[in-house]
Amino acid sequence: MTGPLHGISILLRRELLLSFRRPDQLLQPLVFFLIVTTLFPLGLSVQLSLLREMAPGVLWVAALLSSLLSLESLFKSDADDGTLEQMALSGQSLTVIVAGKAVAHWLVSGAALVVISPVVGTALAIPASAFGTMMVSLALGTLTLSWLGAIGAALTVGLKRGNVLLSLIVLPLAMPLLIFGAGATDRAISGTSAAGALYWLGALCVLTCTLAPFAATAALRITLE
Amino acid sequence: MNTGIDGLAVEKVHVWRGDRHVLKGVSLTVGPGELLHVSGANGAGKTTLLRVVAGLLRPEQGAVHWRGASILAARSEYQAALAYASHEPALKSDLTALENLRFLVGLKRPVSLSELGASLERTGVAQCADLPARVLSAGQRRRVAMARVLAYRASLWLLDEPFTNLDAAGAALMSTLLEDHVAAGGAALVVAHHDLNLSANTRHLSLA
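The listed protein sequences derive, respectively, from chains A and B.
Residue numbering for the first sequence follows numbering that gives the first Met the number 0, starting at 0 and increasing by one per position.
Residue numbering for the second sequence follows numbering that gives the first Met the number 0, starting at 0 and increasing by one per position.
These aren't lab readings, by the way, just hints derived from the structure by calculation.
It is possible that some hints are incorrect.
Quick partial rundown of chain A residues pointing at chain B, CB under 8 Å, derived from the structure [to be verified]: (1) Thr1; (2) Gln85; (3) Met86; (4) Gln91.
List of simulated lysine to aspartate or glutamate pairs, EDC-like, C-alpha gap at most 20 Å [claimed, not checked]: (5) A:Lys159 x B:Glu87; (6) A:Lys159 x A:Asp79; (7) A:Lys75 x A:Asp23; (8) B:Lys23 x B:Glu76; (9) A:Lys159 x A:Glu52; (10) A:Lys159 x A:Asp80; (11) A:Lys75 x B:Glu59; (12) A:Lys75 x B:Glu87; (13) B:Lys23 x A:Glu224; (14) A:Lys159 x A:Glu84; (15) A:Lys159 x A:Glu224.
Using N, Cα and C, we set each Cβ at its ideal position, and we do this for glycine too.
Input sequences plus hints: build the corresponding full structure.
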């Protein structure tokens, strides 16, 4: 039998291959992130101080929304074509399947978002000295969000149009991320220590990484029936 | 016949879907070297029964046993011995036939590409191995799904309408595969709304 770690690596390869076969689905959330964040400097007055003050919030809200865009399809396309049933009967625990898919989701949405965030940061007049903190906070936040989203996606997989409900389930849970994530970026911009907020983000990330797989597994088991 | 110990035994399974009592105390056994053909009108609960047997649906009453143990207790052992083919071919349209097999079979057991190629060859779709599933016809997709069942190397096959979309040659091939599986000591539970006409050790169960 295939072991759980090998199972996760097979799933990761499968998810990444599927994402790269459909580059439009890979790029859309990133382009959305870029466009939403560049709308703000265009819409607001050109005062740099005002923009810089609003930048962390804008950046984080856009990151949350763009991560949400790709969440609906996390389990849905596999459920629709019957491959999710095959995975559920593969002898692997459902937790392995949830873990593989959540990590793959983070790699193609969250990690990509972290990589392009300096571009967005520049557009929002965030000083380059704050980029490090901003990227670390985004990495922790989007990973947490992928796990929270896995719970929401598992709960709504059986619904015809579950996208709105998915947002209503996930966004309230993501509020602490927004508070600490934007807080960390804000401190980094003003030049004070962002350690406190980053520790909180790290704690939230560990909490969801350890508990969300089981919650998402339970949700998926209910919706598979 | 002591099939409850070395094969599949379903005991008085009841399933309700909302207010509808779909399965009303269905019992059956399938031992090694046996094929059970389940027939019944549309909506009689054939697919529901298959999902219960596969462990995808938990019955309100009754139990499913495999080799004497409840399938809930011996979950991973049961799933390792099981090949389930739903009426969907369960292929990702953006992956090639071979990739589709590689990932799903690989989750169940370590498998080599040449072995998967041989399964595709056996079901007559070796030429489709490197084509994305999206360009395959419905019959070819069915054959690829059947190649996956072969590659699982399972002792229990659960097949939902396996003859759908197959041409005459495909249907004959499907019958041969089933006969070979049963002759090699495998067990099969086949849901089909028509007669199977197999020479294998076949029993029938009609769902009212």
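Evaluation of the provided hints:
With its C-beta approaching chain B no nearer than about 6 Å, threonine 1 of chain A sits inside the 8 Å limit, and its interface hint holds. Using the Cβ-Cβ criterion of 8 Å, the hint placing glutamine 85 of chain A at the interface with chain B is satisfied: the shortest such distance is roughly 5 Å. Checking methionine 86 of chain A against chain B: minimum C-beta separation of about 6 Å stays under 8 Å; hint holds. Of the supplied interface hints, the one on glutamine 91 of chain A holds, with its beta-carbon coming within about 5 Å of a beta-carbon of chain B, less than 8 Å.
Pair hint lysine 159 of chain A plus glutamate 87 of chain B holds up; C-alpha atoms about 18 Å apart against a cutoff of 20 Å. For the suggested pair lysine 159 of chain A and aspartate 79 of chain A, the alpha carbons sit about 10 Å apart, so the restraint of at most 20 Å is met. Annotation: proposed proximity of lysine 75 of chain A to aspartate 23 of chain A holds, straight-line Cα distance about 17 Å (limit 20 Å). Taken as a hint, the lysine 23 of chain B and glutamate 76 of chain B pair is broken in the structure, with Cα atoms around 28 Å apart against an allowance of 20 Å.
As the CA atoms of lysine 159 of chain A and glutamate 52 of chain A are separated by approximately 40 Å, the hinted pair breaks the 20 Å bound. Restraint check for lysine 159 of chain A and aspartate 80 of chain A: satisfied, since their Cα atoms lie roughly 14 Å apart, inside the 20 Å limit. Straight-line distance between C-alpha atoms of lysine 75 of chain A and glutamate 59 of chain B comes to about 26 Å, which puts the hinted pair past the 20 Å bound. Using a Cα cut-off of 20 Å, the hinted pair lysine 75 of chain A and glutamate 87 of chain B holds, with the two alpha carbons roughly 15 Å apart.
Annotation: proposed proximity of lysine 23 of chain B to glutamate 224 of chain A holds, straight-line Cα distance about 18 Å (limit 20 Å). At most 20 Å may separate the alpha-carbon atoms for a hinted pair to count; lysine 159 of chain A and glutamate 84 of chain A meet this at roughly 18 Å. Proximity of lysine 159 of chain A to glutamate 224 of chain A is assessed by CA-CA distance (about 16 Å); at most 20 Å being required, the pair is judged to hold.
Against the hints set out earlier in the document, violations occur for numbers 8, 9 and 11.
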